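Residue numbers (my numbering), protein chains in the order written: chain X, 1 to 377; chain B, 378 to 754.
Please keep in mind that the hints were generated in silico from the structure rather than gathered at the bench. Only a predicted model underlies this, so the values are computations on that prediction, with no experimental measurement involved. All C-beta atoms, glycine included, are put in the ideal place defined by N, C-alpha and C. Accuracy of the hints is not assured; some may be wrong.
[Stated by the list, open to error] A partial selection of chain X residues facing chain B, derived with a Cβ cut-off under 10 Å:
#1 Y238
#2 V241
#3 E264
#4 I267
#5 A270
#6 L298
#7 F353
#8 Q360
[Stated by the list, open to error] No farther apart than 25 Å at their CA atoms in a straight line, the calculated lysine to any residue pairs in the SDA-like style are these:
#9 X:K268 - X:T285
#10 B:K706 - B:T406
#11 X:K199 - X:V55
#12 B:K640 - X:M344
#13 B:K723 - X:L258
#14 B:K754 - B:Q742
#15 B:K727 - X:Y260
#16 B:K648 - X:N363
#17 B:K645 - X:Q342
#18 X:K207 - X:N225
#19 B:K716 - X:H269
#20 B:K659 - B:R638
#21 B:K727 - X:A270
#22 X:K268 - B:R748
#23 X:K350 - X:L248
#24 X:K169 - X:R89
#25 X:K263 - X:T351
#26 B:K716 - B:V691
#27 X:K362 - B:M653
#28 X:K376 - X:S330
#29 X:K350 - B:Y637
#30 B:K648 - B:E624
#31 X:K263 - B:Q742
#32 X:K282 - X:Y260
#33 B:K739 - X:R261
#34 X:K346 - B:S611
#35 B:K650 - B:S664
#36 B:K648 - X:T351
#37 B:K739 - X:A231
#38 B:K753 - B:I714
#39 X:K199 - X:V178
#40 B:K716 - B:D686
Number of protein chains: 2
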Amino acid sequence: MLSAVGIIAEYNPFHNGHAYQLQLAKQRTNADVVVAVMSGNWVQRGAPAIVDKWVRTEMALAMGVDLVVELPVFDAVQPADLFARGAVRIVDQLQCDSLAFGCEHADYDFAQLGRIAVDDDQAHFRDYQQPYPALIQAAINEQFGININQPNDILALNYAQAVHQLDSKMQLVPIERVGSRHHDADFNGALASASAIRKAILSRSIKTVQPYLPAPVYSLLQNHNYLDLSAFWSIIRYQLVMTPLDELNQRYQMTEGLEYRLKEAAIKHAKFKEFMSAIKTKRYTYSRLQRLLVYVLLQANQDDFIHHDPYLRVLGFNPTGQQYLNQVKSQIDWPIISKIDQSMLKSVIKTEFNAGMLIQMKNGQYQDLYRHPIIKK
Amino acid sequence: MLSAVGIIAEYNPFHNGHAYQLQLAKQRTNADVVVAVMSGNWVQRGAPAIVDKWVRTEMALAMGVDLVVELPVFDAVQPADLFARGAVRIVDQLQCDSLAFGCEHADYDFAQLGRIAVDDDQAHFRDYQQPYPALIQAAINEQFGININQPNDILALNYAQAVHQLDSKMQLVPIERVGSRHHDADFNGALASASAIRKAILSRSIKTVQPYLPAPVYSLLQNHNYLDLSAFWSIIRYQLVMTPLDELNQRYQMTEGLEYRLKEAAIKHAKFKEFMSAIKTKRYTYSRLQRLLVYVLLQANQDDFIHHDPYLRVLGFNPTGQQYLNQVKSQIDWPIISKIDQSMLKSVIKTEFNAGMLIQMKNGQYQDLYRHPIIKK
Chain X
1 MLSAVGIIAE YNPFHNGHAY QLQLAKQRTN ADVVVAVMSG NWVQRGAPAI
51 VDKWVRTEMA LAMGVDLVVE LPVFDAVQPA DLFARGAVRI VDQLQCDSLA
101 FGCEHADYDF AQLGRIAVDD DQAHFRDYQQ PYPALIQAAI NEQFGININQ
151 PNDILALNYA QAVHQLDSKM QLVPIERVGS RHHDADFNGA LASASAIRKA
201 ILSRSIKTVQ PYLPAPVYSL LQNHNYLDLS AFWSIIRYQL VMTPLDELNQ
251 RYQMTEGLEY RLKEAAIKHA KFKEFMSAIK TKRYTYSRLQ RLLVYVLLQA
301 NQDDFIHHDP YLRVLGFNPT GQQYLNQVKS QIDWPIISKI DQSMLKSVIK
351 TEFNAGMLIQ MKNGQYQDLY RHPIIKK
Chain B
378 MLSAVGIIAE YNPFHNGHAY QLQLAKQRTN ADVVVAVMSG NWVQRGAPAI
428 VDKWVRTEMA LAMGVDLVVE LPVFDAVQPA DLFARGAVRI VDQLQCDSLA
478 FGCEHADYDF AQLGRIAVDD DQAHFRDYQQ PYPALIQAAI NEQFGININQ
528 PNDILALNYA QAVHQLDSKM QLVPIERVGS RHHDADFNGA LASASAIRKA
578 ILSRSIKTVQ PYLPAPVYSL LQNHNYLDLS AFWSIIRYQL VMTPLDELNQ
628 RYQMTEGLEY RLKEAAIKHA KFKEFMSAIK TKRYTYSRLQ RLLVYVLLQA
678 NQDDFIHHDP YLRVLGFNPT GQQYLNQVKS QIDWPIISKI DQSMLKSVIK
728 TEFNAGMLIQ MKNGQYQDLY RHPIIKK
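Produce the complete structure using the sequences and hints provided.
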């Protein structure tokens, strides 16, 4: 019987910090297998991954992940709580014994924090005039005297809440992040955040990021069409201009008349940056707005992103990962998808297929149809 | 009282043949005013005009047209009979005394042919296994021993039918086309068809067409982003791939399950030419399919292209044209639109605005909002 540790990741791209996390996750859990649940072609902050999911699966496998399973677009492009819930559900389905995650404060008892945040009388939060996550943070601060206000601590809390809500037996393994905070734009030793790395690749060149990437990853990153949401601006603009308001307002998360604001700005502004500045208000973060633009691109409504049947999509594995998959197969309730044919395009995979076609139309590489999992010998 | 001759045109672009037609139309009718009803940004065969409607209005005014009125996209991007009906209705509203048009056989009595084709017992046509225009042509051949099988003769017949159907008093003025048949791909003296000219501009260079264009037109044609339907391929493909089948099949003219054929081909083919070959069958002409792609681009349903309220949109005039417009204004039943503000975007102008935004997103020039008619001194 192989034991497994699960990791939730975007690997956008895989960098030295991820390698460090992977190593510690193995050491601390003594697991035989590392399972990564990885965002597919679109990531949580509402953007395409810088390279497609197949290249990023290659990276993960090259760096020691044994099994890569896709976090579907309807779970990945979501606010942190829904992202965490979708991902944890998959890790749990995969029968992992533990879940390892990076955070700023590995000394916090996340299992306890997750329990308390969820079980606390939620009615009492409703009195506040603040968003729900802020309320939970305030409650935790009141009860424990600690601050959950850094990005990876917040995500860790979301994982812990999801594990508790799902009544999962998975052990939580917080791993202290080193060297670089998530949003650091500058490089720091051999560790740089994924966001700083992406920025450098997109605005400068791939060469500038070599020190911050494991050698196999650097090699796999060569010669791709590096994508950002701005690569889809002409299509986003087209959609916002052309689609009638009463259809635009059907899009997932198109609340409070945002469709008027978006359409007006799209008619007026020819450049993506100017458009984004025009729609930004204090009320909405850039991530919230960018995710909304992804839903517009996908022509996706509430049903596509909330009421969908679950499935497991295998992106790649090595012999250990394959052995583990065989071991747990019978305990998995969901359909396991390893290749996609035409007949499945109306099925659960529909939204993922559309999300993949957006990428395929840019990079010319098949994303779903005709693709088999990557097998690393 | 000024008398006026109407011309229905696309001026895509204006060429020596159009100049010849204009001159003869004036000579033969002795009209004081030439009114052109011109396709806007999109033309009958299902494509964007090579340059936008404002540049083409400048051309028409430079070459002696006194008043240019827009043929709205819902009339322009239609099969020949609906194109003719929409255009003739506008010429008639503009109180023109006559309608001049080019044709291969100016000796035919089009007024009579138009009457007969329409009034003949249409039930008797239903026995045939042929499309309606072919049946009319057969009936005319039977009755008069003449063949209406060349493109401009066919269009002329459609004009004649529309004039008769509308019970218009306009006189028909057929003008023999010289030098070049409509579809000739090669140049012939100083006359070349608009289609040969477009092809040369798009595939070779603007310089190669200088001999076939009046000097003012050649000058106005410089330094534009020359458009063809293929310029919109990435958006067409996006729409076909992303839009659900049950929404695609709501598009105007999306009949007989064409949505399946189009979606499948769009998923498969990355190049426009290959896509077009894949969807082409004997059943549908390229023009029919290209028009369908324009409806897809416009996200336009039956209502947008069939059940719309009429209006007159003035694109440009010289002092004579302005005087004429003032003379006939009180006899025009439709709203006359000369400039468009935000409040009109939900009105009759909606489809035209969308059609213009497609062009504006390519060439960066305002097409409808903030545009006033061009006034030539």
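Verification of the hints:
1. Y238: Hint holds; Y238 (chain X) Cβ to chain B Cβ min 5 Å, cut 10 Å.
2. V241: holds (5 Å)
3. E264: Since the shortest Cβ distance to chain B is 8 Å, the answer is holds.
4. I267: Since chain B brings a Cβ to about 7 Å from I267 (chain X), closer than 10 Å, the hint holds.
5. A270: holds (6 Å)
6. L298: Check passed: Cβ of L298 (chain X) comes within 7 Å of chain B, closer than 10 Å.
7. F353: holds (9 Å)
8. Q360: Where the cut-off is 10 Å and the nearest Cβ of chain B is about 8 Å from Q360 (chain X), the hint holds.
9. X:K268 - X:T285: Since the Cα atoms of K268 (chain X) and T285 (chain X) sit roughly 21 Å apart, the hinted pair holds (cutoff 25 Å).
10. B:K706 - B:T406: holds (22 Å)
11. X:K199 - X:V55: This hinted pair holds, its Cα atoms lying about 18 Å apart.
12. B:K640 - X:M344: holds (15 Å)
13. B:K723 - X:L258: Answer holds: K723 (chain B) to L258 (chain X) is near 18 Å, not above 25 Å.
14. B:K754 - B:Q742: holds (23 Å)
15. B:K727 - X:Y260: holds (16 Å)
16. B:K648 - X:N363: holds (13 Å)
17. B:K645 - X:Q342: Since the Cα atoms of K645 (chain B) and Q342 (chain X) sit roughly 11 Å apart, the hinted pair holds (cutoff 25 Å).
18. X:K207 - X:N225: holds (15 Å)
19. B:K716 - X:H269: Holds. K716 (chain B) to H269 (chain X) sits at ~21 Å (cutoff 25 Å).
20. B:K659 - B:R638: holds (14 Å)
21. B:K727 - X:A270: It holds: about 20 Å lies between the C-alpha atoms, which stays within 25 Å.
22. X:K268 - B:R748: holds (14 Å)
23. X:K350 - X:L248: holds (20 Å)
24. X:K169 - X:R89: holds (12 Å)
25. X:K263 - X:T351: holds (24 Å)
26. B:K716 - B:V691: holds (8 Å)
27. X:K362 - B:M653: holds (20 Å)
28. X:K376 - X:S330: The given pair, whose Cα atoms are some 23 Å apart, holds under the 25 Å limit.
29. X:K350 - B:Y637: holds (16 Å)
30. B:K648 - B:E624: holds (24 Å)
31. X:K263 - B:Q742: holds (18 Å)
32. X:K282 - X:Y260: holds (17 Å)
33. B:K739 - X:R261: holds (22 Å)
34. X:K346 - B:S611: holds (23 Å)
35. B:K650 - B:S664: holds (14 Å)
36. B:K648 - X:T351: holds (24 Å)
37. B:K739 - X:A231: holds (15 Å)
38. B:K753 - B:I714: holds (18 Å)
39. X:K199 - X:V178: Holds, at roughly 20 Å.
40. B:K716 - B:D686: holds (17 Å)
Figure legend: structure checked against the earlier numbered hints; every hint is met.
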